[in-house]
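S.K.: Listed in order, the protein sequences are those of chains P and W.
Position 348 of the first sequence, counting from 1, maps to 348 under our numbering, and the rest follow consecutively.
Position 131 of the second sequence, counting from 1, maps to 131 under our numbering, and the rest follow consecutively.
Errors might be hidden in some of the hints.
Result set (DSSO-like, lysine-lysine): computed pairs, CA atoms no more than 30 angstroms apart in a straight line [stated by the list, open to error]:
no., chain 1, residue 1, chain 2, residue 2
1, W, Lys76, P, Lys128
2, P, Lys420, P, Lys387
3, P, Lys420, P, Lys464
4, W, Lys48, P, Lys128
5, P, Lys121, W, Lys76
6, P, Lys311, P, Lys209
7, P, Lys362, P, Lys372
8, P, Lys464, P, Lys387
9, P, Lys121, P, Lys362
These are computed hints drawn from the structure, not numbers from a lab.
None of the values given here were measured: they were computed from a predicted structure.
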Amino acid sequence: MSENVDGLKVTGAMENISWQAQAQSPLSAISLDLRFENLPQGIDLSEILLPTEQKVISLKPEIPLPRAISIFVANPRVRVCSFTFDDPLETRALTSTDAERPSGQLFAGVGQQRKRLTRIKPPGDVIKLEDRLHYLLQPSLESLLSEGALGFPCRPYPYQFEGMAFLYPRQAAILADEMGLGKTMQAITAIRLLLHRGEMRRVLLVCPKSLVTNWRREFHMWAPELPVMVIEGDQSKRAWQWHLADVPLCIANYELLVRDRELFENRPVAEGTSGEGWQPIQFDLVLLDEAQRIKNRTGTTNQIVRSISRKRSWALTGTPVENSTDDLVGIFEFLAPGFLSPDMKPRKMGRTVSDYVLRRTKDQVLNDLPPKLVHDERLDLTPEQHKTYKLAEDEGILRLTELGVSATIRHVFELVLRLKQICNFDPATGASAKLERLTADLEEIAQSGRKAIVFSQWVSTLEKLRDHLAQFGVLEYHGRIPSKQRDAVIERFRQDDSCHVLLISYGAGGVGLNLQFANYVFLFDRWWNPAVEDQAINRAHRIGVDGPVYVTRFLMLDTIEERIESILQAKRELFDIVFSEDGRRQKMGLTQEELFGLFQLKCPDGKIDLAA
Amino acid sequence: MSNIDMKSKLALGFLTIIEHAQHGLFGGYLILNTSGRPLEFHCTTPIKPNRAQEILYGPTLEAFLYGEQIGQTLLKQSNIQPLMVCTDREPALAVREYVSLPVVLVIPAEKSVTIENDQRILRIDGPHGSGPNLLTFELGRNRLALPARAEEERKVIVEQLGELVESFDLAEPFERIREAIEEAQQAVR
Chain P
1 MSENVDGLKV TGAMENISWQ AQAQSPLSAI SLDLRFENLP QGIDLSEILL
51 PTEQKVISLK PEIPLPRAIS IFVANPRVRV CSFTFDDPLE TRALTSTDAE
101 RPSGQLFAGV GQQRKRLTRI KPPGDVIKLE DRLHYLLQPS LESLLSEGAL
151 GFPCRPYPYQ FEGMAFLYPR QAAILADEMG LGKTMQAITA IRLLLHRGEM
201 RRVLLVCPKS LVTNWRREFH MWAPELPVMV IEGDQSKRAW QWHLADVPLC
251 IANYELLVRD RELFENRPVA EGTSGEGWQP IQFDLVLLDE AQRIKNRTGT
301 TNQIVRSISR KRSWALTGTP VENSTDDLVG IFEFLAPGFL SPDMKPRKMG
351 RTVSDYVLRR TKDQVLNDLP PKLVHDERLD LTPEQHKTYK LAEDEGILRL
401 TELGVSATIR HVFELVLRLK QICNFDPATG ASAKLERLTA DLEEIAQSGR
451 KAIVFSQWVS TLEKLRDHLA QFGVLEYHGR IPSKQRDAVI ERFRQDDSCH
501 VLLISYGAGG VGLNLQFANY VFLFDRWWNP AVEDQAINRA HRIGVDGPVY
551 VTRFLMLDTI EERIESILQA KRELFDIVFS EDGRRQKMGL TQEELFGLFQ
601 LKCPDGKIDL AA
Chain W
1 MSNIDMKSKL ALGFLTIIEH AQHGLFGGYL ILNTSGRPLE FHCTTPIKPN
51 RAQEILYGPT LEAFLYGEQI GQTLLKQSNI QPLMVCTDRE PALAVREYVS
101 LPVVLVIPAE KSVTIENDQR ILRIDGPHGS GPNLLTFELG RNRLALPARA
151 EEERKVIVEQ LGELVESFDL AEPFERIREA IEEAQQAVR
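Take these sequences, add in the hints, and give me the full structure.
M.R.: Now the structure itself:
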């Protein structure tokens, strides 16, 4: 077969058959003009003439068709992860009798719309994604508070909202803010929110006995709608109070816990006894204020608080490490038993507890807090004091030397205390360089209408000061002032313009007091523990203080006080190592060698615990 | 949106899409009750358009990915039908084509917008060839926008949600979604 393509005309022949085809436009319509010559018989024309597609294609003109390239546009498959949350409880209105609750706004309302909001973050020990999202997807803390119409007498600082958001989701937590930053109100508000949201129903607050009144007052201020019950009275009344399950908030003091320890063992009560039918004592939260009280993990108080049945464990303390990292271990035995071990290095311990401890200092968060100006007043002993001091020191050292290996810590302490007392007053003549200096300062303070706080570790010293400083309007707050009178003392110091001086012992007034109306703090003598000194200073240097706080630490030259100062400095550095990332390496604690070293004496090796 | 098990609740939906340079687009859809508490959260695994899609969809690519692919998928997953769906990503308004819910754009306070005399604007971000005209309006302190063609929905939204949304900061929940997606992403790693 031959083909001659001439335009659209095609002719051909097959054996003795010739044919001709002509294609017309369009190409799909082809007409064939066939002429047959000498057509033999028996030829099946249909075989030749039957137009098939292939034959037609073979006749197409040689115009190249485009090559088709197909692109399949696959739509991406979107996979979805879904989480549903329980229909949240509406904020409960707790019993409120005398509380005025300011109107709130819904859901980050208008009033907060453009302000910085505080978000609740899931703690590190919450592992399940769904649980973590539960926290992350909650509205801001400010919204939660306003939703429940949970107002404040004054607007908290942003860092205080962060403190609340830190406590809120945690089963175990230490709020370790520096004194004066408002740990109390942060804890109260977190408790308040959890109670209102129905996530807790029963809370136990444990604090030193001297602070019970203060806590009750703070609850009235920051959560006036919360019914508060102070556990007190005789044994049968207390037992009844402990078992009252429908009181959302109970306040107890540490000393009382010791007396009621058997109740927490939750043993079955024998039939016929007064406790028959009582439910076991259980709390949703146990909050320890001044939690350094349980720093000794083998101590009675520590054992008792750990025995209380509870779901959450929180601790408040400005000084989670007072003397050594063992203090923190002791507190964690209450929060999360076994989480810390005493042999952990300070730096590792700091990293380990970082998700459980929130620590802020005033320098970090209170840019507008007036400064605290600390001044070490280094004085020379009066001649009378110097004579007595030298005599006492020489005699004491001689005695210790004579005792040799039988000398004990107690012997050393006795000498230290004796010398410190002489630094305050000469016992024979009453001469005191510190008093002279203090009197001069107080004259100026009283004239300017300001107020001052004077701390000492001895009530006897405070009583001497009271007699000498009477012209400045002196009030006292220490162990010999009955507890029931102490609130009145503070109130009078606050209100009475003629009272310029408050004499406080470290033991009675070191914690919990709000004395921000005093601008001057004097540490008449030094305490073993720098944290206790800081607590004392921060009675005045706290939120609400008007103007700078001037702190004077009396220090007698060439005496035991100077040597103690170096030990206090070392303890401050230990704290920095655990709670700050840039802490420096330094020695730990206070060794027996160091204590004997105050008098250049040799002693047996070993570490002692100088609990303040 | 599935009608099965669909509960009728006083709830608001929040839809956003996050662009991740490495992984692509993540979608998140959060349903809150009127107190701002979470009821449901849905998020997508990341998707990335290929080169062919970028060429073929052209300026409609974002609307396709945000609205049809991610938005529609997420909204179909929910068991609760909210009163309205808010988004902070304009292309996600395209999801309105696939759901029977009002979908509204929440304009962040700091966004600069050009409002013409008739309150119509062309874009709230960069210039764009085929973006829908937007109709802006305010609800409480919130600045919202709808496609101009959905103007009739503005009345519905204002009438039905005006009082409810008056005190809401409708921009705030998007931050929650972003954090949740970040958290979910970390959990996967």
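S.K.: Please go over all the hints and tell whether each is borne out by the structure.
M.R.: Do the hints match the structure? See the list:
1. W:Lys76 x P:Lys128: 25 angstroms, holds
2. P:Lys420 x P:Lys387: Given that 30 angstroms is the threshold and the Cα spacing comes to 14 angstroms, the pair holds.
3. P:Lys420 x P:Lys464: 15 angstroms, holds
4. W:Lys48 x P:Lys128: The hint holds at about 28 angstroms.
5. P:Lys121 x W:Lys76: Satisfied, since the Cα-Cα distance of roughly 29 angstroms is no more than 30 angstroms.
6. P:Lys311 x P:Lys209: Given pair lysine 311 (chain P), lysine 209 (chain P) holds - Cα atoms ~24 angstroms apart, limit 30 angstroms.
7. P:Lys362 x P:Lys372: Status holds; Cα separation ~10 angstroms.
8. P:Lys464 x P:Lys387: Measuring from Cα to Cα gives roughly 21 angstroms; hence the hint holds.
9. P:Lys121 x P:Lys362: Answer holds: lysine 121 (chain P) to lysine 362 (chain P) is near 23 angstroms, not above 30 angstroms.
The earlier numbered hints are all upheld by this structure, with none contradicted.
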